[in-house]
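Asks: Modelling step: build the complete structure from the supplied sequences, incorporating the hints.
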Amino acid sequence: MANPCIESAKLSKKYGSFVAVSDLNLRIEGSKCVGFLGPNGAGKTTTLKMFTDLIRPSSGEALINGFNVHTDKRKALASVGALIETPEIYPSLTPREALMMIAEIRGVPSTERSKRIEEAVSEVRLEEWMDKRVGKFSKGMKQRICIASALLSDPTILLLDEPTNGLDPRGMSEVRGIIKSLKSKKRLIFMSSHILSEVSEVCDEVAMIDHGKLIVYDTIPNVTAKFTGGENIVEVELQRPIDSELTIKKIAAIPSIVTAERKNDKNLTIRFNGGSDAQEKILSDLVKMNIGVISYRPASSELEDAYLKLITSTL
Amino acid sequence: MNETETISENKVPSSLTQVGITMKYTFLDYFRSRRFFILLTITLAISALLTFIVGYYRPASFLASNLSFYSGWWGNSTTFVVVLSGIFFGGDAISGEFQNKTGYFGIPNPIRRSSIYVGKWLAALVASTIILSVFTAITLGNGMYYFGSNVPYQFGESVLFAWFYLVAVLGFTFFFSSLFKSSSMSILVTAILFLFAFTLIETLIADLVQIEPWFILTYGGQIIGNVLKASYPPSTSVSSFGPGGQRTFITYNVTISEGLAIIGLYFVITAILGLVLFERKEFT
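Chains as they are written, first to last, in numbering that gives the first Met the number 0: chain A, 0 to 314; chain B, 0 to 283.
A few of these clues could be false.
[Unchecked claim] DEER-style ranges, computed between Cβ atoms: (1) A/R55 with B/T202: 56 to 66 Å; (2) B/T202 with A/V18: 45 to 55 Å; (3) B/Y145 with A/R55: 56 to 66 Å; (4) A/R55 with B/S148: 50 to 60 Å; (5) A/G65 with B/V275: 42 to 52 Å; (6) A/T70 with B/F248: 29 to 39 Å; (7) A/G65 with B/S256: 48 to 58 Å; (8) B/L194 with A/Y14: 31 to 41 Å; (9) B/T198 with A/S137: 41 to 51 Å; (10) B/I41 with A/G139: 28 to 38 Å; (11) A/K9 with B/L43: 35 to 45 Å; (12) B/V275 with A/H193: 29 to 39 Å.
[Claimed, not checked] Here are a few chain B residues that sit away from chain A, every Cβ distance over 10 Å (derived from the structure): (13) S14; (14) L27; (15) D28; (16) T135; (17) V158; (18) L159; (19) L187; (20) V208; (21) S230; (22) A270.
[What the hints assert, rightly or not] So the derived list for chain A, only partly shown, Cβ under 7 Å to chain B, looks like this: (23) P86; (24) V107; (25) E111; (26) D276; (27) A277.
Read the hints as simulated data drawn from the structure, not as lab findings.
Please read these numbers as outputs of a predicted model, since none were measured by experiment.
We treat Cβ as the ideally placed atom computed from N, Cα and C, and that holds for glycine.
Replies: In structure tokens, the structure reads:
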């Protein structure tokens, strides 16, 4: 199967004289998670709505796997799961019925429907509510059902508009876990979010938009490097306490690393030069040192710094 | 409409099948909704009231013949039941997708908007037909109590015309529902139009301007009652009044062919307009 791909070609949306999205050119291809960032009113949701037929472009094209969403919707959205804003479900239906409707519309084979629905509902932890009417559900519960509906057909592309919006902290954590697990299943995930730590945690790349224009699209390390004097920062979590200063010195000696600082017994902050290649090499060297690396991720504050500098510069 | 798309492992069904799926689940939602039971209760209340009035007061206008019975019972009340069904099931069918955000659940799927529109319309038609069938059954039950199984064929025609009228009313209410993004506004406007405005305009145009109101749907709907009259009223009747009969007054009655044409045209035009509006409307 070809790589999943979404592309906007000179995509614009105007409301009278107000330009919500302006000549957006963006092509995202392959299995990865891309965060879509920007301030309120930047055009994130408008862009996602144009990719899901909720609104029509004023000009340009929204393409999914090469199919135009507005002229060839059935083909374009056949392999897409989407969650835009907080959808409502027909109140008299139960989650099982609402998901069955989506499964039937999407052509999930009849022999697999019940199993897939149970798996999807289990993933969002609403098994007990499976046969209760949706009308009585809280906003967070409805959001979970909608996430389940986006996952139901095992889509290769997921378009998510602030997917953790309306969820409690546990729900947010669970949704992040779901997104991470989907990354390992070779999916293309394009998600908007205001929570930069969330984007740092789950995304490989970011696209930033402001005033309807694309400002940057690159890997998180490359984006942060541009705004931190060429240095990137990763946070490393270890399973065992670091035994000596010698280990710190050995880590600091790894090529590309500028500094390695101990935050506490099991956490390090590493500053390094270079992009994702350097980041990958450092991780590989750390693993070879057998110091018990259990987590390795870009520092969220770096992305925040980059975000604030980029957005401020366009004000 | 019979094409299928195979992009991922799932085979997206044809648009026609998706219409059926949308209809099935929308009907389930309607059937369990409070509004279905409210409408059923209103229909049963109208039937109970008529049963009591005819049974207790034995009005001659009802009991003179089997045709006059069905004319009095069915001819005077059916349009009200039909219009209420249209308002209850069609008034906010499309606007609700925007205001209640249910559209955000269905639209971002590989399904044409027209399939959603038609599926919802069919669900409303099935739900309304159930209500109309209940009223028809009670009418028949009472008619057979008083006149035995001798049911005039005109009643069958009238039931058919009432169903055609229902089809057009639902087409119209869906069209109006597509015009608005507010559910309450679309229900209110539709109710005002059918319960007051159309009748008022029809009366003003026919009585004051003396023009046949062939462009009003409720005028076309008069065939439901007219067909049950002992002799079908003439398309125009002129009466004179004033000193020496100098002034004349024309009363218009829609003919069956005119009525069917008005009903059919209303359905076709409003269905097309409603579909176009829903296709173009944006979830902003």
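Asks: Against each hint, give a clear statement of whether it holds in the structure.
Replies: Results for each hint:
{"no.": "1", "hint": "A/R55 with B/T202: 56 to 66 Å", "verdict": "violated (43 Å)"}
{"no.": "2", "hint": "B/T202 with A/V18: 45 to 55 Å", "verdict": "holds (51 Å)"}
{"no.": "3", "hint": "B/Y145 with A/R55: 56 to 66 Å", "verdict": "holds (59 Å)"}
{"no.": "4", "hint": "A/R55 with B/S148: 50 to 60 Å", "verdict": "holds (58 Å)"}
{"no.": "5", "hint": "A/G65 with B/V275: 42 to 52 Å", "verdict": "violated (28 Å)"}
{"no.": "6", "hint": "A/T70 with B/F248: 29 to 39 Å", "verdict": "violated (58 Å)"}
{"no.": "7", "hint": "A/G65 with B/S256: 48 to 58 Å", "verdict": "holds (53 Å)"}
{"no.": "8", "hint": "B/L194 with A/Y14: 31 to 41 Å", "verdict": "holds (36 Å)"}
{"no.": "9", "hint": "B/T198 with A/S137: 41 to 51 Å", "verdict": "holds (45 Å)"}
{"no.": "10", "hint": "B/I41 with A/G139: 28 to 38 Å", "verdict": "holds (37 Å)"}
{"no.": "11", "hint": "A/K9 with B/L43: 35 to 45 Å", "verdict": "violated (59 Å)"}
{"no.": "12", "hint": "B/V275 with A/H193: 29 to 39 Å", "verdict": "holds (37 Å)"}
{"no.": "13", "hint": "S14", "verdict": "violated (8 Å)"}
{"no.": "14", "hint": "L27", "verdict": "violated (7 Å)"}
{"no.": "15", "hint": "D28", "verdict": "violated (4 Å)"}
{"no.": "16", "hint": "T135", "verdict": "holds (26 Å)"}
{"no.": "17", "hint": "V158", "verdict": "holds (29 Å)"}
{"no.": "18", "hint": "L159", "verdict": "holds (31 Å)"}
{"no.": "19", "hint": "L187", "verdict": "holds (21 Å)"}
{"no.": "20", "hint": "V208", "verdict": "holds (41 Å)"}
{"no.": "21", "hint": "S230", "verdict": "holds (48 Å)"}
{"no.": "22", "hint": "A270", "verdict": "holds (21 Å)"}
{"no.": "23", "hint": "P86", "verdict": "holds (4 Å)"}
{"no.": "24", "hint": "V107", "verdict": "holds (5 Å)"}
{"no.": "25", "hint": "E111", "verdict": "violated (9 Å)"}
{"no.": "26", "hint": "D276", "verdict": "violated (32 Å)"}
{"no.": "27", "hint": "A277", "verdict": "violated (36 Å)"}
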